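There are 8 protein chains.
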Amino acid sequence: MKLHGNTEDLDFAVIDSRRSERTGYPEVVYCAGKTLEQSERIITRMREQGIPVLGTKADPVLAQRIARDFPEAEYDVLARTLSVGSVCSPAERQGLIAVVAAGTSDLGIAREALRTAEFFGSKVTLISDVGVAGIHRLFNRLADIRKAQVIIAAAGMEGALAGVLAGLVTAPVIALPTSVGYGASFGGLSALLGMLNSCAPGISVVNIDNGFGAGYQANLINKLASKQT
Amino acid sequence: MKLHGNTEDLDFAVIDSRRSERTGYPEVVYCAGKTLEQSERIITRMREQGIPVLGTKADPVLAQRIARDFPEAEYDVLARTLSVGSVCSPAERQGLIAVVAAGTSDLGIAREALRTAEFFGSKVTLISDVGVAGIHRLFNRLADIRKAQVIIAAAGMEGALAGVLAGLVTAPVIALPTSVGYGASFGGLSALLGMLNSCAPGISVVNIDNGFGAGYQANLINKLASKQT
Amino acid sequence: MKLHGNTEDLDFAVIDSRRSERTGYPEVVYCAGKTLEQSERIITRMREQGIPVLGTKADPVLAQRIARDFPEAEYDVLARTLSVGSVCSPAERQGLIAVVAAGTSDLGIAREALRTAEFFGSKVTLISDVGVAGIHRLFNRLADIRKAQVIIAAAGMEGALAGVLAGLVTAPVIALPTSVGYGASFGGLSALLGMLNSCAPGISVVNIDNGFGAGYQANLINKLASKQT
Amino acid sequence: MKLHGNTEDLDFAVIDSRRSERTGYPEVVYCAGKTLEQSERIITRMREQGIPVLGTKADPVLAQRIARDFPEAEYDVLARTLSVGSVCSPAERQGLIAVVAAGTSDLGIAREALRTAEFFGSKVTLISDVGVAGIHRLFNRLADIRKAQVIIAAAGMEGALAGVLAGLVTAPVIALPTSVGYGASFGGLSALLGMLNSCAPGISVVNIDNGFGAGYQANLINKLASKQT
Amino acid sequence: MKLHGNTEDLDFAVIDSRRSERTGYPEVVYCAGKTLEQSERIITRMREQGIPVLGTKADPVLAQRIARDFPEAEYDVLARTLSVGSVCSPAERQGLIAVVAAGTSDLGIAREALRTAEFFGSKVTLISDVGVAGIHRLFNRLADIRKAQVIIAAAGMEGALAGVLAGLVTAPVIALPTSVGYGASFGGLSALLGMLNSCAPGISVVNIDNGFGAGYQANLINKLASKQT
Amino acid sequence: MKLHGNTEDLDFAVIDSRRSERTGYPEVVYCAGKTLEQSERIITRMREQGIPVLGTKADPVLAQRIARDFPEAEYDVLARTLSVGSVCSPAERQGLIAVVAAGTSDLGIAREALRTAEFFGSKVTLISDVGVAGIHRLFNRLADIRKAQVIIAAAGMEGALAGVLAGLVTAPVIALPTSVGYGASFGGLSALLGMLNSCAPGISVVNIDNGFGAGYQANLINKLASKQT
Amino acid sequence: MKLHGNTEDLDFAVIDSRRSERTGYPEVVYCAGKTLEQSERIITRMREQGIPVLGTKADPVLAQRIARDFPEAEYDVLARTLSVGSVCSPAERQGLIAVVAAGTSDLGIAREALRTAEFFGSKVTLISDVGVAGIHRLFNRLADIRKAQVIIAAAGMEGALAGVLAGLVTAPVIALPTSVGYGASFGGLSALLGMLNSCAPGISVVNIDNGFGAGYQANLINKLASKQT
Amino acid sequence: MKLHGNTEDLDFAVIDSRRSERTGYPEVVYCAGKTLEQSERIITRMREQGIPVLGTKADPVLAQRIARDFPEAEYDVLARTLSVGSVCSPAERQGLIAVVAAGTSDLGIAREALRTAEFFGSKVTLISDVGVAGIHRLFNRLADIRKAQVIIAAAGMEGALAGVLAGLVTAPVIALPTSVGYGASFGGLSALLGMLNSCAPGISVVNIDNGFGAGYQANLINKLASKQT
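Protein chains in written order, with our numbering: chain A, 27 to 255; chain B, 27 to 255; chain C, 27 to 255; chain D, 27 to 255; chain E, 27 to 255; chain F, 27 to 255; chain G, 27 to 255; chain H, 27 to 255.
Heads up, a few of these hints could be off.
[Claimed, not checked] Lysine-lysine pairs mimicking DSSO-like chemistry, simulated, CA-CA at most 30 Å apart:
#1 A/Lys149 - G/Lys149
#2 A/Lys253 - G/Lys149
#3 F/Lys149 - H/Lys28
#4 G/Lys173 - A/Lys173
#5 A/Lys149 - G/Lys173
#6 E/Lys28 - D/Lys253
#7 H/Lys28 - F/Lys253
In short, the hints are calculated from the structure, not lab data. The model shown is predicted, which means the values in this text are computed figures rather than measured ones.
Isolated chain A, as found in the complex (with noise of 0.2 Å):
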């Protein structure tokens, strides 16, 4: 039998090498969909050619694997993130982003989100376990949550955190729905259409579960905010 599909000199993937030239920030590797020699080689390849690298959605084998070759990898076991590099040292991080997770449940996708931002340069705090059902939980980090130029607001469930967060900050609120939850959440749905339909202003809303695109968003308004200072 002839085999095609596996072999070593496919040319699948195009690194966009001069993504940072336009849009100020390097490609980042979303995992899932790829196979674990076609995440290992893009990473590999962007790293020869000088590209810090962030992986999402990574499993703990990809890991692994990047951290035979590149000893300096870092691997979050919660988020999922696994990055080669940075775009800056922690200590350039700018402003401050504050990330606010609703429930332990919601901790994971609320640390790709962090992991996300401080990658790509920014201060990050994360405060967890303040869903609405006990609002004195949040009101009493309100004053740490105000803070930040920019709140990630990560919930499951309704998804009710970013409403709430929006109508007692000044910031702008980015909403990030996880699929939490069971029965009519329907893989998190329920709390996607919380947050879009928020009575509150001040708030827009990434995809399920994208703690990527939630700290990607975050980190560009923390440095427009912080650039000038």
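We have chain A already, so just place chains B, C, D, E, F, G and H on it with the hints.
Leaving out everything else, chains B, C, D, E, F, G and H in the frame of chain A:
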């Protein structure tokens, strides 16, 4: 041409005259799916049997026709409820139900709940325009809300009011999603899903825009709480 | 490789230790979205503060780990509920809640409701396999059902049990849709919609498979009805 | 300006004049998607070929136009059916179909089923306002329903009537969901899903508001049962 | 740890032993939502009462366990039906039902319909792989199909087989949508909608993958047609 | 009051005047989402640049206004297409496209496809009322259909026409779902899903009621087939 | 007949007069769900308290009534926005927001965003009719777009404009899906989903047709970027 | 226990051996819904009749079993296509189809399209990783893409590639949505809707992940364009 379906002698409806014995309360007339003639004849027959009548989703035209025959009729133009007689007099009303409405646009449905609960014998208080986008407005009214045995939370858009309230009170909350909103609110679906997925316990939900159902259920619970006092 | 997210000192959860004061009952641990370690540490902390613990959607493996430290733990394999301590002793339980399950397949979720209501201090009776396809079975048990202050109706498929029951009793019905079924039941959606659209009043609905929510709400109502006796 | 599409000589429709030979019954005219002119011309042509005509979802204006040319036409204002001629005379009608309607609002669609079955030669009885919210009303009519060879169960909202009936009779039940309801009934979807997921066997379902389809199918079955007697 | 929910003495199921009197046929065991133990005990009890048993969606492991106690058991591995005893002997089967399957992938569900109809006493013929993409294959078998009193049309994907068949025969068609397909077939939804919206009359539809329901309904109709011969 | 948004000098539209160079054909004006004034001004500007204009979903009132300035305009009242000029003269039209419409109600959308294909230079033939419920009508016209290079299959309801056709011809089929139907046809969704899931290959699908899209795509293919002859 | 719900003294709305202190900007009046009287009274009260008013989804009739009392009112007939006063004068507006609209039909919603951002103090530029179907039109305007601090991308149909833009700029993109389209656009759902699933980072999304929300969020970000200059 | 459904002599499949005469091409085996044994037997029978075989969605295990009997078999592990023989030799392939894939994750489905088109006799070129988020990558390959007679655009997530491409080329575009994505991509629904609603004409769409359907349709069109050269 021979015409069918519009004759006087249609035996289209079966008055459930012994419903009071079985469930404690008389039948209610849902006017939306019926012709004016059908609603009018059902109401007339029920009055002839001495049954107090509550009509929901009632057109103003129907109200005027009924008022000609039954001057004691009452009509709420926002709630679209029409009543002729009542299960008990205002003085006999018991307990307390708080109907809490998120915004001005939710008032019609909230008042349908209020009128229903009053008709069946509950005391009711209405607290409006306390949506979560300005949560201090809700806190300002919390002492009043906490006096109630049962709470109805009417909200459209993301429907977050129910969950926030349930975390602040000891009374059961009946969540009443409304079709207020547009775009991805999908006719009240987003409020309904938000309420069903609330992370706070102590909530149960009725159909979108079903003010009657919320008022009826709240009355049942309120009476349970009041009957032994 | 530097690893994040699995360290011991994560401050991931905020115990809502004053929830009892605010809402009358302690917080409950939803175990499904948490790692075993997270659930275990939350339960341990709550016990250290003397809070009785109810865990829902709990894995048998978690139950075994908790049982090593807390031999008084109880686990219901069908309900997947885990309890350590209780809000009141069995002797102190009040009133009566009837948990009515349409079929054998609905038993697990129905028992989650039952265990929740018992944990919070209600007397409970379970009536099973009385779905509407053989409605005489329901009539045979009606006298027992009518003794309850509140009724939980657990059903999958078309969820018709709730509406039929509500037309036969004076107590409020908490409708509990389950994901039992296949094809166009769409994971419980058909039962949920059926219950929301019931033509009988006196019904309010909780999320699909949310036995905990039904049991909690029924307990609130049952306590209201019992407190003055 | 040159106009197209409104000329007299459009050859838009192909009368299926030999349908009777192939399927036993003549074609029926679905009037809703056609212009008045198109419906009128199709009906006229069929009459010229001696084919008895049944028009469904027919506008009263169409009925009046047809009545000018065909005084023997019959129109049912609730059912919106228009007939000119019939497959057999009233005296020749066979067997018995029971059309059972849950509520007054379902009457129009139920009567569309009834008129269709009569047109094709079945005896029919209509039993209305026997929804499951007051199930004793259904039991009161059960003896009459059991006389039928086939049963049509028309209901909106949660559509539970079909399943309850199927558990009580030996005849096959054709479930006819209607768009009666609001909110989460989603134009009849909830009744449709409820009927498809019924736990009682002996049910098959037609499209929402498809009274014609239910009546046609019931007639086919009724004739099978009657032909050898 | 105290364990609940796995004891021997659970009174979880109510055998509907007089169902035959009420609806003409005994109850059937839907095995998918039950534990092996539950299914086994229900089947054993029914056999002890002399009731013939049909189990649907039955696991091969359950079949093997049942076969140890009841050597007369029969199991169809494609249909996943398990029978012990039968309502009538093969020789007593009446009439004729044609089960028509669009493709090889629809065979399992089609055979579930076939086994059900046989169990309840109908003669059955299976005609497979005659989907509309190669419509001459259907015409080749039309003479055989036309011999049947009732036709079951099993198809996934777009489900067009039912509508095409109904235009070619005089017998009623029971449409059986299957979950065969991928992408926008959404687990059988596309076949279900196609069958519900068929422009040909003479079709009624059962739930997706509900071979049992189709076979049961076809048997009811077939018996009606056969009883007087 | 100061008014905005209704001034003459709005620069609202950018005529894509070089579209012909880039894609081979001029831009088309989708009139449904525009005010009469906007459509009128766009059409006028395009004519001033000598571009032949096709307007789709055009209101009769717009047609009359355009006809005042451009007497050569043509309007199809069923198709709701408005054309001023044409890409080529009728004599220059090439190849052959068969537009096959399932029923009379699908004619408007089918003719939108036909007018579009003619406008861009294809010969077209229309074959109507050949839905699969009476499949012999389709076979009667098969010889004509087979003469075409490309086939457009327009159908609502279950949309089965496309799949049946594709199994009978060698030409590619462009499936054109229409919103004809009611109930569970959900505005054309059922036809769309049916066509996407067809088990016959050789089909690709356009948006519901997108007669323009079908005609445009068919013309592209027809031209490919015709250009070298 | 006694009438309720239309009295003058209804205490229906709670002006959130300290919202500016809490979130930096005054409340906005969503007019769509309110009666003319309700909107009028809320606007009048806010003006009495010296609060600048922005009304969205405002009817022209409301605009005329408001203009009688407040001649300084401004109304945008495409945007359906009504303003009386402003948060800052045109001269004080800061930064730059580019509102990019895919097509002429998206202009109304795009202008709602523009008017909102202006009202709250941002400089704004509108770039219209640059949808991705003729991508050179977008490139022609890219230099202008790149001058903005924040970009709003308004598009219906497939909503691809947001993703294409985000790959070409360094500014954050607020994606604004519109309900422009038909058939499977499902009232803007397809644009919403497209924008949420964009493979380009740097995008966050607001509700369908929520021009106000997009303008408000863009203003917040623009101000962050401008405040330190 | 008597076993059914696993016997050797099942006559489960009807080889459509004259499909080539009717539609120009032999039947293809969709392996996903069949047991290994069923697929194997169908392939063997087709080879015995000299028919070239293409199997889609084929498991590697099936490939190995087929390779034992037919050493000339070819298997593409990414595309999951299995072929034994071919409609024409590589040298005889005609025309040119460009298969354009948005990202690495879309490669498997894109290659299914490529293998299908090759099997049926088209020349094919694959252009990958040119998604719209970095649109210059697409422009870099435009010259190559423009050489093709037909273009297949494979993309997941928002599916914008199809619309952007169609605005840049003269060839017809077959849009192939993939299930690549997560959250609100709903298994490919967002890409499917995006492609159906594209504002660019010249696109038609196949089912989600239906690489075979896209390749087949593209081959039909490519052959039309090539046959007269």
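Going through the hints against the structure:
no.	hint	verdict
1	A/Lys149 - G/Lys149	29 Å, holds
2	A/Lys253 - G/Lys149	20 Å, holds
3	F/Lys149 - H/Lys28	63 Å, violated
4	G/Lys173 - A/Lys173	29 Å, holds
5	A/Lys149 - G/Lys173	26 Å, holds
6	E/Lys28 - D/Lys253	65 Å, violated
7	H/Lys28 - F/Lys253	65 Å, violated
Hint compliance for this structure: hints 3, 6 and 7 are broken, all remaining hints hold.
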